[in-house]
Amino acid sequence: MIPPLPEAPGEAAVKAGFLARLAAEGIVLPPNQASVAAADFLALHRQMRLIRASVAPDAPLPLGFVPPADAA
Amino acid sequence: MTLHARPIAALAQGLRTGEFTAEELARATLARIDHQDGIINAFVRVEAAAAVTAARAADAELRAGLDRGLLHGIPYATKDMIDVAGLPTTCHSRSRLHHRATADAAVTERLRAAGAVLVGKVATFEFALGVTGPDGAFPPARNPWNPGHIPGGSSSGSAAGVAAGFVRFATGTCSSGSIRGPAAWCGVVGLKPSFGRVSRRGIFPLSWTMDHGGPLAASVEDAAIALQAMAGHDPLDPGSVDRPVPDMRAGFEDGVKGLRIGVPWHFFEHDPALTPDARDGIDRTLALLSDAGATIHRVTLADLPQFLACSRVIMAAEAFAIHRQQLAQTLHDYGEATVRRFALGAGVGAAEYLDAQRLRGMLTSNVDSVLSGHDALLTAISLGAAPSFAAQRNSTAWPLQASPFNVTGHPAISVPIGLDRDGLPLAVQVVGRQFDEPGVLRIARSIERLTAWNADEPSGLINPLSGLRPPRGMILS
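Just so you know, the protein sequences line up as chains A and B, in that order. If you read the first sequence in my numbering, its first letter stands for residue 1, the second for the next number, and so on. If you read the second sequence in my numbering, its first letter stands for residue 1, the second for the next number, and so on.
Isolated chain B, as found in the complex (with noise of 0.2 Å):
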C-alpha cells in the first residue's frame, strides 16, 4: 500500500517500526501534491523545505526517544484562515496577500507540540464567507472526485486536499458548516467539535458566537487522532471552555447497540433540494443502524428556518463589525460575492442582534432537551452531491444543513455514507450532546464500517485522480 492511503496509525508504526521516516513520508507527501495539485487548486502555499526540515526534527527525536504521540512526523496542512508564523495568513483575499503572521495560531501551537509536520497551506472561501470567483486571491479549489465540480466551503482546500490523498487530515474552520460541507461533497470525515472544545486564538474570524475549529480527515479515526491533538483550553480565547480532554477514541469500536439515535426529519424531507439518493442514502444508512442495534426515533427539534435565520443575523452583524472599517477604505480589495455578503450586516440594528442571541439561548436548551432522551441525532448534511461550477455560478442554492449546530455549539460530524448514481459522494450528520465528542464519533464510526466505506483500503483518497478503484461501499442507483 503506498504510503499515501494508509491511516495515521498505520504511519505511526511505520515511523516507529523504521520501515520508512518522516522525511521519505514528508517527501512522499509533497511529491504527491506537485504531481496532483496543478489540477485540484488544493494548496495556496506550499512549505516544502520548512516541511523537511521539520521532517528531519521529528526523525531525529524518535531516534533519541522522544515520542509525541500518533502525530510525529505525520504530514497535515492548513486552512489558510489560520496563522502560522511568518507565513502570511491571506484568508484568500487580496487585501490580505502581504500579512504576515507574527505567532502561531494556538492550533498549529498544538499540533506543532504534536509533532505533526506542516506541508502547506490550503485553499478557503474569501474569509470564509465569499465565494471563490475570478476576483479572488488565488484559484478556487476543485473536487478531486470530479474537477467540474466544487468541493464545498468554506474549508475547500482542507477538504479537496484530504480526499485528493495530499494529507491524512487537514485543519478547519467552521462558522455555519465550512467542515462538515466540504468534508461531504469530498467524501471525507468532518468534524465540528463542541463550541469552546478548540481555541480560536490566532484563526481569522468571521463570527465569534460561532466560529469553531476542527479536523478533516480521510477516516473517522483520523478525525479522532488529529481533534486529540488540537483540543484543549486556552485561556486566551475567551470561548475557549476548562475542563479535561476525554480520549476521543474512548468506545471507538463499541458500534451502535443500544443506542437511541433522534432523526429531526422534518428539517430535510420535505426540502426540494433533497435528491432521491441523498435521501436513498439517509434511510440506508438508518437501515444499517437499526440492524446494528440501535433504536431510531423521528424527533422534532424547532423549526429549521428559526436555525437558519439565527445564524445567518448573527453572522452578518458580526462579520460586518469585523470588517466595516476595511471595507470603507479599500472595498476594491474584497471580491465582489464577498463584500455583498459582508455589507448585509450593515443593516443589522442592535436589538435585531441581541433577539438573534436570545433566540439561539432557546434553540440550544431545545437540541438539549432532545438529546436528553437520546445518544444523538442523525439527520442530512449534503442534500444532494457537489454541484458543478456551471450549476453553482447559476444559483444562490447551498444544500447544506450544518449551520443548526453552529448556532446551538453541540458537536456535529460529517461521515461519507457512498456515491450518488454520478460517483459523487454522499454523506450524513451526526451531532452529539455538549462536549460528547466521543459520542458522536463512536456512532461515525460505525456508520464508516457498516457501509463498507473504505472497507479494503483504509484511505478515503480513493477516487479517480489516484487511478485507484472505486470503494465499496454503498452506490446509490
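Isolated chain A (complex conformation) (with noise of 0.2 Å):
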C-alpha cells in the first residue's frame, strides 16, 4: 500500500484539472460524488509520478521502441 500522502502545493490543482477532464467528456458527477473522485484521482496521480519515477531509461514501448531522449 502507498501511504498517503499531504495534499502538496498543486494537488488541488490536479484535481481541478481532473474535474476539468471529466467534464469535457460530458461527465458531470454530482458534488458529493465530486470531491471524493477528485480525492481518488490524486492517489492515482501520485502513483502516475511513481511510474514516472520508476521506469528505466532504457525501458521500450510496447513494441519495443525505445525513446530516443530516454535513452541518450
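Hints are not guaranteed to be accurate.
As the list claims (entries may be wrong) - Listed next, with one range per pair, are the computed distances between beta-carbon atoms: (1) B:G69 <-> A:L63: 37 to 45 Å; (2) B:G69 <-> A:Q33: 48 to 56 Å; (3) A:A24 <-> B:P205: 19 to 27 Å; (4) A:V36 <-> B:E253: 47 to 55 Å; (5) B:F20 <-> A:V36: 48 to 56 Å; (6) B:A351 <-> A:V36: 23 to 31 Å; (7) A:G26 <-> B:A10: 54 to 62 Å; (8) A:V36 <-> B:A64: 55 to 63 Å; (9) B:H270 <-> A:P67: 33 to 41 Å; (10) B:F20 <-> A:P30: 49 to 57 Å.
By construction, these hints were calculated from the structure, which means they are not laboratory data. Glycine included, every Cβ here is placed at the ideal spot set by N, Cα and C.
Since each chain sits alone in its own frame, please combine them into the complex, following the hints.
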C-alpha cells in the first residue's frame, strides 16, 4: 500500500484539472461524488508520478521502441 | 456421500457406472440452489430447464458411447461477465439488464464442447470493478462461511456458489485478483492462468492488458480439470497464445521434494493489514512444505507499490476507454461507486499510460528473472479473512495482493490453508513460470494435502450452511 501523502501545493490544481477533463468528456458528477472522485484521482496521480520515476531510461515502449531522448 | 460433495472425477465415475445420471445430478444441483441460494445470492439467473435439457443430452451421448471427458454431464456456473448465447450478460449492472448475447464466449463454447452443464449465471461486482452496493442490479453475493461477510470479488458469485456446494466449479474473470481474491475468502481454489492461456473472446472487458479467464473450484484437482477444458488458442482473441495445452495434472501427486520455492516477504510482512492468523498460516504452510522436501528461499521482487501503481493506472485508462461514451450518455445507469472508479481514467494521459506499459515490461522481466532460479513463488493472497459487510462499508482497504501477477501475466493460484480464529478461510498464493500451470497446480495440490484441507471430506463445501462438520485442516487460533 502506498501511504497517503499530505496534499502538496499544486495538488488542488491536479484535482481541478481532473474534474475539468471529466467535464470535457461530458461527464458531470454530482458534487458529493465529484469530491470523492477528485480525492481518488489525487492518489492515482501520485501513482503516475511513482511510475514515471520508476521507468528505466532503456525501458522500451510496448512494441520495443526505446524513446531516443530517454535512451540518451 | 451426497452428490454435491463429490469431486469432479468421482462424479464422472458415477455417471459412467450408472450410479446416477446427469439429469439426476442436474436436478440435485438445482434443488440445492433453490433451497439455499436465497441466503447466499450467488446466482443472478438459474437456467433450470436448459440445464435439465443439456443433462439429458449428456446422458444420451454417454449411453450412445460418446464420451466428452471428465466434464461430461458435470454442472457448472458462469460469471455474468461471460457470454452465453441467448442469455443476458448483465455484468451486474442496471445498464445492461436488457442485453442478450448473440453468441457463446470462447470459454462457453469450450465447456459446452466438453459436455459441461450450465446451471446459471453468477454474481459479480458491477463490470468487475465496482462494488455491489444498494444500487446494484442484483443483491450482492454473500460468503457461505458467514453470510454477514463479503465473499470478495469480482468473481463473488463464482466463489460463493462453489463454497456453498452448488457447483464443483465456476468460471471467473480476473483483471487484478478477481479470481484468487474471492477464492481465498470463500475457502475455494482460484486459478488465474498465464496471460493468453484462456481466450477472452465473449468476456466483457475491463482491462485488455490484464484480463484473464479461469476457474474457481472446490479442489485443486477440480480446478485443473476445469482449466484443461477452458484453455486453448483462439485466433479471435489477439491476446491468445498459440502453444500446446499441457496435461494440467502432469506430476500432480509428485509432491514438492526438491523444489525451490521463493517467498517475497517484503510484499506483505510489514503490511499493517496482515493479521496474526494470516501470518501464522503462511509460516505453517512454509514449514509443511519444507518438511515435505521443498527448499524455501527469501527472494526480492520489485517494490510492491510499483506493481500496484502499474495495475491501477493501466486499468483506469483501459476501463475508461471502454465505458467513456456510455458514462457520458447513461451515467445514472451505473452504480455510484462504479462511476467514480471508471471516471478516474479520464485523468490518465497517453504518456502516463505508456509509461505504465513500459514499467509493466520491466516488472515482468523482474519476476521472470527471480523465477529462473526458483520453481515457484509462494506469497500472501489475503492478508486476513473476509471482512464483514459492515466493516467493508467503512473502509476503502482491500487487503489482497493479487494484482502483481495480472500485471506480469504469470500463472497464479489461491489455495486454502485453514480457518482463522473466527472460522473464516485463509489462503496462500502460488505463482509459477509463464505457462507452467501444471507446476503451480502440483504445489497447490501438495499444500491442499499437507494442510489436510478436505482431508476426509473431498469437498470444500463444508460450511455452516451445509450442516456438515468443519474441515480438519489447520485451525489457526
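Cross-check of the supplied hints:
Under the hint 37 to 45 Å, the C-beta atoms of G69 of chain B and L63 of chain A, about 40 Å apart, fit the expected range. Separation of G69 of chain B from Q33 of chain A is about 49 Å and conforms to the stated range, judged on CB atoms against 48 to 56 Å. A hinted range of 19 to 27 Å holds for the C-beta pair A24 of chain A and P205 of chain B, which are about 24 Å apart. Evaluation of the 47 to 55 Å hint for V36 of chain A and E253 of chain B yields a pass: the beta carbon distance comes to about 51 Å.
In this structure the hint that F20 of chain B and V36 of chain A lie 48 to 56 Å apart at CB holds, the actual value being about 53 Å. Take A351 of chain B and V36 of chain A: their Cβ atoms lie about 26 Å apart, and the range 23 to 31 Å holds. Between G26 of chain A and A10 of chain B the C-beta distance comes to about 56 Å, which sits within the given range of 54 to 62 Å. Range check, V36 of chain A to A64 of chain B: Cβ separation about 60 Å, and the 55 to 63 Å hint holds.
Take H270 of chain B and P67 of chain A: their Cβ atoms lie about 35 Å apart, and the range 33 to 41 Å holds. Between F20 of chain B and P30 of chain A the beta carbon distance is about 55 Å. The supplied range of 49 to 57 Å therefore holds.
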